[in-house]
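Each chain, letter by letter, is given below.
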Amino acid sequence: MDAIRVDGLVKTFDGFTAVDGISFAVAEGELFGLLGPNGAGKTTTINMLATLLRPTSGRASVAGFDVAADRDDVRKSIGVVFQEPALDGKLTGRENLEFHTMMYGLGKAERARRIDEVLALVELADKAGTLVEKYSGGMKRRLEIARGLTHRPKVLFLDEPTLGLDAQTRRHIWEYIRKLNKEGGVTIILTTHYMEEADYLCGRIAIMDHGKFVAMDVPSRLKDTLGGDVVSLELDGDSTAFREALGREDWIKRSKLHEDVLSLTMERGERRIPELVMLAREKGVTVNGVNLRKPSLEDVFLHFTGRTIREQEASPSDRNRAMMMGHGGRGRRPH
Amino acid sequence: MTVHWTAIYVLWRREMIRFFRAKSRIFGSLAMPVFFLGFLGLGFRRMPVPGMGEGTGYIGFLVPGIIGMTMLFSSSMQGMSLLWDREFGFLKEIMVAPVGRVSLVLGRVAGGATTSMIQGLLILGASLLMGFRLPGPGAVAFGLVFMLLIAFTFIGLGLVFASRMKDMQGFGIVMNFVIFPFFFLSGALTPLENFPWFVRALSYADPLTYGVDGLRAVLIGRSSLPVAVDLAVMVGFSLVMLFLGTWFFEKSEGI
Chain A
4 MDAIRVDGLV KTFDGFTAVD GISFAVAEGE LFGLLGPNGA GKTTTINMLA TLLRPTSGRA
64 SVAGFDVAAD RDDVRKSIGV VFQEPALDGK LTGRENLEFH TMMYGLGKAE RARRIDEVLA
124 LVELADKAGT LVEKYSGGMK RRLEIARGLT HRPKVLFLDE PTLGLDAQTR RHIWEYIRKL
184 NKEGGVTIIL TTHYMEEADY LCGRIAIMDH GKFVAMDVPS RLKDTLGGDV VSLELDGDST
244 AFREALGRED WIKRSKLHED VLSLTMERGE RRIPELVMLA REKGVTVNGV NLRKPSLEDV
304 FLHFTGRTIR EQEASPSDRN RAMMMGHGGR GRRPH
Chain B
649 MTVHWTAIYV LWRREMIRFF RAKSRIFGSL AMPVFFLGFL GLGFRRMPVP GMGEGTGYIG
709 FLVPGIIGMT MLFSSSMQGM SLLWDREFGF LKEIMVAPVG RVSLVLGRVA GGATTSMIQG
769 LLILGASLLM GFRLPGPGAV AFGLVFMLLI AFTFIGLGLV FASRMKDMQG FGIVMNFVIF
829 PFFFLSGALT PLENFPWFVR ALSYADPLTY GVDGLRAVLI GRSSLPVAVD LAVMVGFSLV
889 MLFLGTWFFE KSEGI
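Chains A and B, in that order, give the protein sequences.
Sequential numbering from 4 applies to the first sequence in the numbering used here.
Sequential numbering from 649 applies to the second sequence in the numbering used here.
Since the hints were derived computationally from the structure, they do not count as laboratory data.
Incorrect hints may have been included.
[Said to hold, decoys possible] Distance condition first, Cα-Cα at most 30 angstroms in a straight line; then the derived DSS-like pairs of lysine-lysine:
1. B:K899 - A:K215
2. A:K111 - A:K130
3. B:K671 - A:K137
4. A:K157 - A:K130
5. A:K130 - A:K93
6. A:K79 - A:K185
7. B:K814 - A:K93
8. B:K899 - B:K814
9. A:K226 - A:K137
10. B:K899 - A:K130
11. B:K814 - A:K137
12. A:K226 - A:K259
13. A:K130 - A:K79
14. B:K899 - B:K671
15. A:K215 - A:K130
16. A:K226 - A:K111
17. A:K256 - A:K226
18. A:K79 - A:K93
19. B:K671 - A:K215
20. A:K215 - A:K226
21. A:K137 - A:K215
22. A:K182 - A:K111
23. B:K899 - A:K286
24. A:K79 - B:K814
25. A:K93 - B:K899
26. A:K157 - B:K899
27. A:K297 - A:K185
28. A:K79 - A:K157
29. A:K137 - A:K111
30. A:K185 - A:K111
31. A:K286 - A:K259
32. A:K259 - A:K215
33. A:K79 - B:K899
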């Protein structure tokens, strides 16, 4: 059974289409990523799957339950870590977790055990008695992730789980998310606009832009659509003969010379490097340096949308999109 | 429909923790009724109150009104505390929980009613310092019933408004154009008999009128309507408002 099945899902807010007819399925135990800039519709998608927003049209089911018709069953099956803090600042960390575990109907002994477990995991055990309003942004984030795990959901939604966290905490949380997915068998859907995060964590990725999926595949195959790796050779001497020889090799997809650096696009570049260096020597060219660059998801995003994520976020119309969906406004964002 | 008792309890407990942690909020919310009680009570203490019969001083007339006022303001604030939860994001945590929406409302009502009752009782205590005499325990218990019904009614009303509003901007408008008129129309400070007929007509559409009148009936033994009418109307209003509050809350989107 698929953990998530989405069919032609649409959400409009006052005539503005935030999610524009997406369809996908996520198998049980998968770690699936929604990648895209702010305002692409990732959070709106998550909110619909988590029963917080009603779809305008289309259908979606989570753990076999329809998100519109069987809302309580969906809620029982999921955990959600929201992008913006959803904590009660007037309660302590432990009280927030107690509230949560009681809402999810955990027994008393299990509550205490799970709370201690997750507090230790996110290294907040010594801050458990402090009011959450006194926490730093990173601590709130960690507490929130801990909370999403206390009731052992079948499907866990993580909306920008590491937004605004320092590199070390981010690593930490990545490892934990992985472990949870591999060992705990929890199906995880995460949204991110960090390429390296999606690349590192997700088994499969959908790239989202303006409410639509522009691509969906495993990260390596998405990168393959770009034609492979870029091998840059720093050359010394006349390279004309060398380049002529390369022109006869059909595994080289593209070739570009800029000053004395020759950039070649090919698949599995690391295996071709010895061959390239040998050929260069044969043709009387010295290779002073070699650089191999694997395409990143950033390149993939650029390839499919024509913009880098950063450019996308800088454009004012997209900021408006983000505001209309309730984030970005009034300084409520956690970072 | 199942009732989630644990969820109701934990929502109630959250309100209690927050209430007792916010000492300044308690003082702040009690300041206005205390000032009303003190200054109006002292200023008008020699004035006869028409329609209340001989022997009822203004203090006696005023105390049930100020208790009603305290219940009105604290309960509608409690109902609208939904807006704060939305503003600070905590509402999402509540809304994704696998708990029936009715239980979520019941938990909020239980918490709000308890904190409002505490505030109303503190005002009743303050009125004793002003020379107000308590009736017998039975009458006081009956008074608590009226206080509770006022709380239910206006928590329900607060929920209706908070469910319809997306942010805090409408809050001041509701306070000034809905809650204050309810207060002044109720006859909490001035006898209804002094209002012109068209204002009095509005007063009879105001739930607080019956709540305050009922409180007067049981606390000072004088009222403009029979106490049974006050009680029946208040039970009706509180049921309708709680139903509407739940209805609108259920229909609102969670974020």
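Cross-check of the supplied hints:
Annotation: proposed proximity of B:K899 to A:K215 holds, straight-line Cα distance about 28 angstroms (limit 30 angstroms). Restraint check for A:K111 and A:K130: satisfied, since their Cα atoms lie roughly 21 angstroms apart, inside the 30 angstroms limit. Restraint check for B:K671 and A:K137: the C-alpha separation of about 18 angstroms stays at or below 30 angstroms, so the hint holds. Our distance criterion of 30 angstroms between C-alpha atoms is met by A:K157 and A:K130, whose separation comes to about 28 angstroms.
Restraint check for A:K130 and A:K93: satisfied, since their Cα atoms lie roughly 14 angstroms apart, inside the 30 angstroms limit. For the hint linking A:K79 to A:K185, the alpha-carbon distance of about 22 angstroms falls within 30 angstroms, and the restraint holds. Simply put, B:K814 and A:K93 have alpha-carbon atoms about 22 angstroms apart, close enough for the 30 angstroms limit, and the pair holds. This hinted pair checks out: B:K899 and B:K814 have alpha carbons roughly 13 angstroms apart, not beyond 30 angstroms.
Pair hint A:K226 plus A:K137 does not hold up; C-alpha atoms about 43 angstroms apart against a cutoff of 30 angstroms. For the proposed pair B:K899 and A:K130, the alpha carbon gap of about 38 angstroms is over 30 angstroms, so the pair is violated. With a C-alpha separation of about 27 angstroms, the suggested pairing of B:K814 with A:K137 holds against the 30 angstroms cut-off. Between A:K226 and A:K259 the CA atoms are separated by roughly 20 angstroms; this keeps the pair inside 30 angstroms, and the hint holds.
For a cut-off of 30 angstroms, the pair hint linking A:K130 to A:K79 stands: about 29 angstroms separates their Cα positions. Taking the CA atoms of B:K899 and B:K671, the gap is about 34 angstroms. The hint is violated against a cut of 30 angstroms. Taking the CA atoms of A:K215 and A:K130, the gap is near 42 angstroms; set against the 30 angstroms cutoff, the hint is violated. Only pairs whose Cα atoms come within 30 angstroms are accepted, and A:K226 paired with A:K111 is rejected, the gap being roughly 49 angstroms.
With a C-alpha separation of about 15 angstroms, the suggested pairing of A:K256 with A:K226 holds against the 30 angstroms cut-off. Between A:K79 and A:K93, the direct Cα distance comes to roughly 26 angstroms. Compliance with the 30 angstroms bound is thereby established for this hinted pair. Annotation: proposed proximity of B:K671 to A:K215 is violated, straight-line Cα distance about 50 angstroms (limit 30 angstroms). As the CA atoms of A:K215 and A:K226 are separated by approximately 19 angstroms, the hinted pair is consistent with the 30 angstroms bound.
Note on A:K137 and A:K215: the hinted pairing is violated, with a Cα-Cα distance of about 39 angstroms set against a maximum of 30 angstroms. Distance hint between A:K182 and A:K111 is fulfilled; the C-alpha atoms sit about 26 angstroms from each other, no more than 30 angstroms. Restraint check for B:K899 and A:K286: not satisfied, since their Cα atoms lie roughly 76 angstroms apart, outside the 30 angstroms limit. A distance of roughly 26 angstroms separates the Cα atoms of A:K79 and B:K814; the hinted pair therefore holds under the 30 angstroms criterion.
Simply put, A:K93 and B:K899 have alpha-carbon atoms about 28 angstroms apart, close enough for the 30 angstroms limit, and the pair holds. The straight-line distance between the Cα atoms of A:K157 and B:K899 is roughly 27 angstroms, inside the 30 angstroms bound, and the hint therefore holds. Taken as a hint, the A:K297 and A:K185 pair is honoured in the structure, with Cα atoms around 26 angstroms apart against an allowance of 30 angstroms. In summary, the hint linking A:K79 to A:K157 is supported, as the alpha carbons are separated by about 9 angstroms, within the 30 angstroms threshold.
Simply put, A:K137 and A:K111 have alpha-carbon atoms about 27 angstroms apart, close enough for the 30 angstroms limit, and the pair holds. Proposed proximity of A:K185 and A:K111 is supported: the alpha carbons are some 28 angstroms apart, at most 30 angstroms. Proximity of A:K286 to A:K259 is assessed by CA-CA distance (about 18 angstroms); at most 30 angstroms being required, the pair is judged to hold. Between the alpha carbons of A:K259 and A:K215 the distance comes to roughly 34 angstroms, so the proposed pair goes past 30 angstroms and is violated.
At most 30 angstroms may separate the alpha-carbon atoms for a hinted pair to count; A:K79 and B:K899 meet this at roughly 20 angstroms.
The structure fails hints 9, 10, 14, 15, 16, 19, 21, 23, 32 (numbered hints given earlier, in ascending order).
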